[in-house]
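Residue numbers (numbering that gives the first Met the number 0), protein chains in the order written: chain E, 0 to 298; chain G, 0 to 298; chain U, 0 to 298; chain P, 0 to 298.
It should be emphasised that the hints constitute simulated quantities derived from the structure, not laboratory data.
Certain hints may be false.
Which copy? The list can't say, so a pair holds if one copy fits it or any two copies do.
Straight-line Cα separation of at most 25 Å, SDA-like style, residue types lysine to any residue; simulated pairs [as the list claims (entries may be wrong)]:
(1) 71 with 24
(2) 32 with 55
(3) 32 with 124
(4) 71 with 176
(5) 71 with 173
(6) 71 with 294
(7) 71 with 296
(8) 71 with 93
(9) 71 with 171
(10) 32 with 129
(11) 32 with 238
(12) 32 with 9
(13) 32 with 185
(14) 71 with 208
(15) 32 with 4
(16) 32 with 293
(17) 71 with 87
(18) 71 with 26
(19) 71 with 175
(20) 32 with 93
(21) 32 with 149
(22) 32 with 195
(23) 32 with 289
(24) 32 with 166
(25) 32 with 211
(26) 32 with 46
(27) 71 with 167
Number of protein chains: 4
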Amino acid sequence: MPPAEVVLGENRYGKAEVRIVAVSRDGDRHEIKDLNVSIALAGDFDATHLTGANADVLPTDTQKNTVYASAKEHGVGEIEAFGLRLARHFVDSHGPTRRCWVRLEEYGWDRMRVGGEPAPHSFARTGPETRVAEVAAAQEGDELVVSGISGLVVLNSTGSEFHGFHQDRYTTLPETRDRILATEVSARWRHLPGDQPVDQRDWRTSFDETRRHLLEAFADTYSLSLQQTLYAMGERVVRERDEIAEVRLALPNRHHLLVDLAPFGLANENEVFYASDRPYGLIEGTVRRAGVAESALAW
Amino acid sequence: MPPAEVVLGENRYGKAEVRIVAVSRDGDRHEIKDLNVSIALAGDFDATHLTGANADVLPTDTQKNTVYASAKEHGVGEIEAFGLRLARHFVDSHGPTRRCWVRLEEYGWDRMRVGGEPAPHSFARTGPETRVAEVAAAQEGDELVVSGISGLVVLNSTGSEFHGFHQDRYTTLPETRDRILATEVSARWRHLPGDQPVDQRDWRTSFDETRRHLLEAFADTYSLSLQQTLYAMGERVVRERDEIAEVRLALPNRHHLLVDLAPFGLANENEVFYASDRPYGLIEGTVRRAGVAESALAW
Amino acid sequence: MPPAEVVLGENRYGKAEVRIVAVSRDGDRHEIKDLNVSIALAGDFDATHLTGANADVLPTDTQKNTVYASAKEHGVGEIEAFGLRLARHFVDSHGPTRRCWVRLEEYGWDRMRVGGEPAPHSFARTGPETRVAEVAAAQEGDELVVSGISGLVVLNSTGSEFHGFHQDRYTTLPETRDRILATEVSARWRHLPGDQPVDQRDWRTSFDETRRHLLEAFADTYSLSLQQTLYAMGERVVRERDEIAEVRLALPNRHHLLVDLAPFGLANENEVFYASDRPYGLIEGTVRRAGVAESALAW
Amino acid sequence: MPPAEVVLGENRYGKAEVRIVAVSRDGDRHEIKDLNVSIALAGDFDATHLTGANADVLPTDTQKNTVYASAKEHGVGEIEAFGLRLARHFVDSHGPTRRCWVRLEEYGWDRMRVGGEPAPHSFARTGPETRVAEVAAAQEGDELVVSGISGLVVLNSTGSEFHGFHQDRYTTLPETRDRILATEVSARWRHLPGDQPVDQRDWRTSFDETRRHLLEAFADTYSLSLQQTLYAMGERVVRERDEIAEVRLALPNRHHLLVDLAPFGLANENEVFYASDRPYGLIEGTVRRAGVAESALAW
């Protein structure tokens, strides 16, 4: 056999997990933004792979510096706009960088209250949920803005059934007409291009409302399967928010198993559950607005 | 050298991390309690160590069953009372068990709102903070109730200085008159015995108020060191809450380092910070009510 | 605006993280396999999303049972073959399941030695590295076998430079002619179809040799960039292992920063480093055998 | 009720998780040490708590610097000696520091082999196990050296029974004559003072041999309870290693539950197990050499 011919395929690189906390002041009253920013560049980077020639490499250290400097020069604001400004900077200022992805996580902080009054510069972390954005820009002008949410844990203590499923030789699961339905929502939604400049779009309201629709659809869907709940959540968002092209959801089914109390002479009327860690079901799906174009940039 | 004489020293055992979710119903309206319960028994357990004779061993599996059965038989209620009921059960019902510790973590859930109205049976996890209790009971009657909080992350964006410290050959830290002060509060507070039965004490109010005092003392202490803030937090609790004998605090100093933007021709006026993971300072301390007796049970 | 038309897009579901430990016996001598298995099915599952009709749903609980039963009926063996047997089972036995992916992690265990002799049934976990496989099967017959490795942490304490990179306004990184290069290798490699039945291919040797080539290429590449090292690792595998079509690598650059000891009157000649957690560079790339077809199944 | 009198109780502070990688060279051949070092100082620190006066505070930043400088000035060597040198430095050089604890974790690295030969400066992480040391020094001269191990996961696939245990109303566990016994060993052992200077004691051999005895005792103890195995492990160490005063062990019982395959018409003869995450048993115990004095320093 002759020696293999080997080629470099898809590749990208960047600085991951740049942790930035930015403080802005309005007199004595402060606001904070707490972000985790990851950057990836793709383009004409064959040389560094093949020979170690780095003339076209923008170091990841410089990318990190750019995040911090950009926060000072332009402020942080909403993560979609901050990320897109960074992505545009890299594709516009560095020729070999053809495409740039920026992923941002925003950790929530609530203003504390002292003696019933809002404190001017004291905050407590909320969570476990984080707001995320995944944006991209290409030299030829394509752009992508995806907003999302991670770690949002929700539970319905009733209003969920599961029955009528396919049976085979390995089936042991009993059917149920009343179960706990719990999941940790991971959601990403792609924005339609929009007419306004990104700095002027109201990303905060869009996020807050989308989050609200996801939660409300989870809560008020009488569920025959977690898939049905997933679709209802995505459908609600697409119907209610004109700016959103599609929603991708990943919903682990966090099983809550009814504890058998019969050996102790006790009835368990859906009162006492064991919250299981593993294994768990994992339901993934996309809900789309009919007729919208795909993005030119993968996500 | 003659053969060593070997003896069994302190020992204990139990079931750890029993995950229980309990649903209680008031008509259509549900409440949930989400706990992680760990049990440890100490007493006359030499035989199983020395020979594997298990007649005096209450299996950890049985301990787990007891947690679930107790939740059904008596309800869950506040974790201090639930834990103490369990601890008493083991020392009262099983002769070789001389002392029992129960550690409980409670995960918070907020009732969702749908269309502005509270949802009857839908909830979203709060966090990252958890409420904890560490209780103990001994056969001879001693009891210990410790309440606490873990994972409460707080930040003051100003109002903190650090200077005037000891200098030696290895000192490079500059003094500062304005810094971010951030920490993840881990607090435990021991309750005085009290006159009321444990089931009738208002553990919820005690927790809520103690938490509020910790937060308010963090926010309104102008800080010259994290130690000063720690003491202020403990002192506030002891002064304001008559039921509390002492407070133990562990406060990691989550450093937020000012980013040097000078190379980019930018001034950084306490606006842009790098949130560092490691290393971190760790400040631990106890604040006590003068004159109260120590607990007979270690914690 | 008329009501949005909403459609269901890509979707899949399955049981994740089925933890299985299988013991096989040859007389007194045991072997163990310790796996974490995750399954995903895609196909004709619109009904459960749209109406909650579950007749075509194979419950994730049944999938879990199938993993355990399969381990008994056919043994576990190498994870590529075990996974593919499972994937084929689902697409062959359940009409609505058009495609199935199985992801497997295998945790390593070494046989202990007692008094210099191998113990018959005692083992100690190795790690932190895990062997992985990601396989897929489609009803129309396409199959995909990807092997891989996660969590393999490697370090060269010299033999790495980084200089000659692009400079811009945000550059502060000094060039270096000698640095530590450390990374946590995450590698996936796709197998060519092969002539033998999957149960008869020597997956173990293929894995061991591929792992050896990755490590050796890391160690003996004099590196001008982590990209160059990445390419060298992939190229080595493609050149040396005829059964492999392509290699995907993700290499976080675990920065080891030289500590400035000058303030203490000490020189640091590449001796004392601070191992930084975040941020880190992340280098991702694919190295391919020229001329091989793409897989019909995404991975 | 008059205002509470409040007092400061026990307190300590220090820098935690200083990550240091040290490279030493013997010509072309390198050695690396990879440590995580945490320091805690106790002493006369009332002023900073009560008033924020920091004149007696040795900043945690300085402690960090001291770790790095000490690695350069004296080398790292074995962690017990490195830690004790640091602890002595702080109590000897800083009057208000009355006692100092240093906790060290050492991450293992194996030298790679290339073409069958040991590589001069390339390494791969071992694990998940880590070697630890916890040392302390007091101004009045008391010292404490504790060595240990964390994250050592071991499993016997037979040779373990559990029966004859106490039965009560909540018992459902069946007795078993053959089960998997698996645990993650966390062990700490205190050294007797010894006659040699700490820099000349053979900590490496002591650690390697103690580890070997723990493993061998785990493997060759026919076990009627995990407590019996714990005692056998500690006893073996105390009998075999004259330098060790006592051993503390914490052994989580990582339950491996036999999967019920009967519904599928299959027998499970201790072949297929579900590895459960939670809950788990937790067995803690101390094994001592009779007649040795307690340490004057808590651990």
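To see whether the hints hold, each was checked on the structure:
1. In this homomeric assembly, residue 71 and residue 24 come within 25 Å of each other (Cα to Cα) only inside a single copy, at 13 Å, whereas the closest approach across copies is 43 Å.
2. In the homo-oligomer, the alpha carbons of residue 32 and residue 55 never lie at most 25 Å apart, since the shortest distance is 33 Å inside one protomer and 35 Å across protomers.
3. Taking the shortest alpha-carbon separations for residue 32 and residue 124, both the intra-copy value of 11 Å and the inter-copy value of 22 Å come in at or below 25 Å.
4. Taking the shortest alpha-carbon separations for residue 71 and residue 176, only the inter-copy value of 21 Å comes in at or below 25 Å, while the best intra-copy value is 56 Å.
5. In the homo-oligomer, the alpha carbons of residue 71 and residue 173 lie at most 25 Å apart only across protomers (23 Å), although the nearest pairing inside one protomer, at 59 Å, exceeds that limit.
6. In this homomeric assembly, residue 71 and residue 294 never come within 25 Å of each other (Cα to Cα): the closest approach is 31 Å inside a single copy and 46 Å across copies.
7. In this assembly of identical chains, residue 71 and residue 296 lie within 25 Å of each other by CA distance neither inside one copy nor across copies; the values are 29 Å within and 45 Å between.
8. Taking the shortest Cα distances, residue 71 and residue 93 sit within 25 Å of each other inside one copy (21 Å), while across copies they are farther apart (41 Å).
9. When the C-alpha separation of residue 71 and residue 171 is checked against a cutoff of 25 Å, the pair qualifies only between copies, where the shortest distance is 17 Å, while the shortest distance within a copy is 60 Å.
10. Taking the closest pair of Cα atoms, residue 32 and residue 129 come within 25 Å of each other both inside a single copy (12 Å) and across two copies (23 Å).
11. In this assembly of identical chains, the alpha carbons of residue 32 and residue 238 never lie at most 25 Å apart, being 31 Å within a copy and 35 Å across copies at closest.
12. For the homomeric pair residue 32 and residue 9, neither the shortest alpha-carbon distance inside one copy (34 Å) nor that between copies (35 Å) is at most 25 Å.
13. Within a single copy, residue 32 and residue 185 get their C-alpha atoms as close as 22 Å, and across copies as close as 24 Å, so both meet the 25 Å cut-off.
14. In this homomeric assembly, residue 71 and residue 208 never come within 25 Å of each other (Cα to Cα): the closest approach is 29 Å inside a single copy and 39 Å across copies.
15. Taking the shortest Cα distances, residue 32 and residue 4 never come within 25 Å of each other, neither inside one copy (49 Å) nor across copies (37 Å).
16. Taking the shortest Cα distances, residue 32 and residue 293 never come within 25 Å of each other, neither inside one copy (32 Å) nor across copies (44 Å).
17. When the C-alpha separation of residue 71 and residue 87 is checked against a cutoff of 25 Å, the pair qualifies only within one copy, where the shortest distance is 17 Å, while the shortest distance between copies is 45 Å.
18. Taking the shortest Cα distances, residue 71 and residue 26 sit within 25 Å of each other inside one copy (18 Å), while across copies they are farther apart (47 Å).
19. Taking the closest pair of Cα atoms, residue 71 and residue 175 come within 25 Å of each other only across two copies (21 Å); inside a single copy the shortest separation is 56 Å, beyond that limit.
20. In this assembly of identical chains, the alpha carbons of residue 32 and residue 93 never lie at most 25 Å apart, being 28 Å within a copy and 40 Å across copies at closest.
21. Taking CA atoms no more than 25 Å apart as the test, residue 32 paired with residue 149 passes in both settings, with 17 Å inside one copy and 23 Å between copies.
22. When the C-alpha separation of residue 32 and residue 195 is checked against a cutoff of 25 Å, the pair qualifies only within one copy, where the shortest distance is 24 Å, while the shortest distance between copies is 46 Å.
23. Neither within a single protomer nor between protomers do residue 32 and residue 289 lie at most 25 Å apart by alpha-carbon distance, with minima of 36 Å and 42 Å respectively.
24. Taking the closest pair of Cα atoms, residue 32 and residue 166 never come within 25 Å of each other, the shortest separation being 51 Å inside a single copy and 29 Å across copies.
25. When the C-alpha separation of residue 32 and residue 211 is checked against a cutoff of 25 Å, the pair qualifies both within a copy, at 22 Å, and between copies, at 24 Å.
26. Proximity of residue 32 and residue 46 under a CA criterion of 25 Å is satisfied in neither setting, with 38 Å inside one chain copy and 34 Å between copies.
27. Proximity of residue 71 and residue 167 under a CA criterion of 25 Å is satisfied inter-copy only: 18 Å between copies versus 61 Å inside one chain copy.
Checked against the numbered hints given earlier, the structure breaks hints 2, 6, 7, 11, 12, 14, 15, 16, 20, 23, 24 and 26 and satisfies all the rest.
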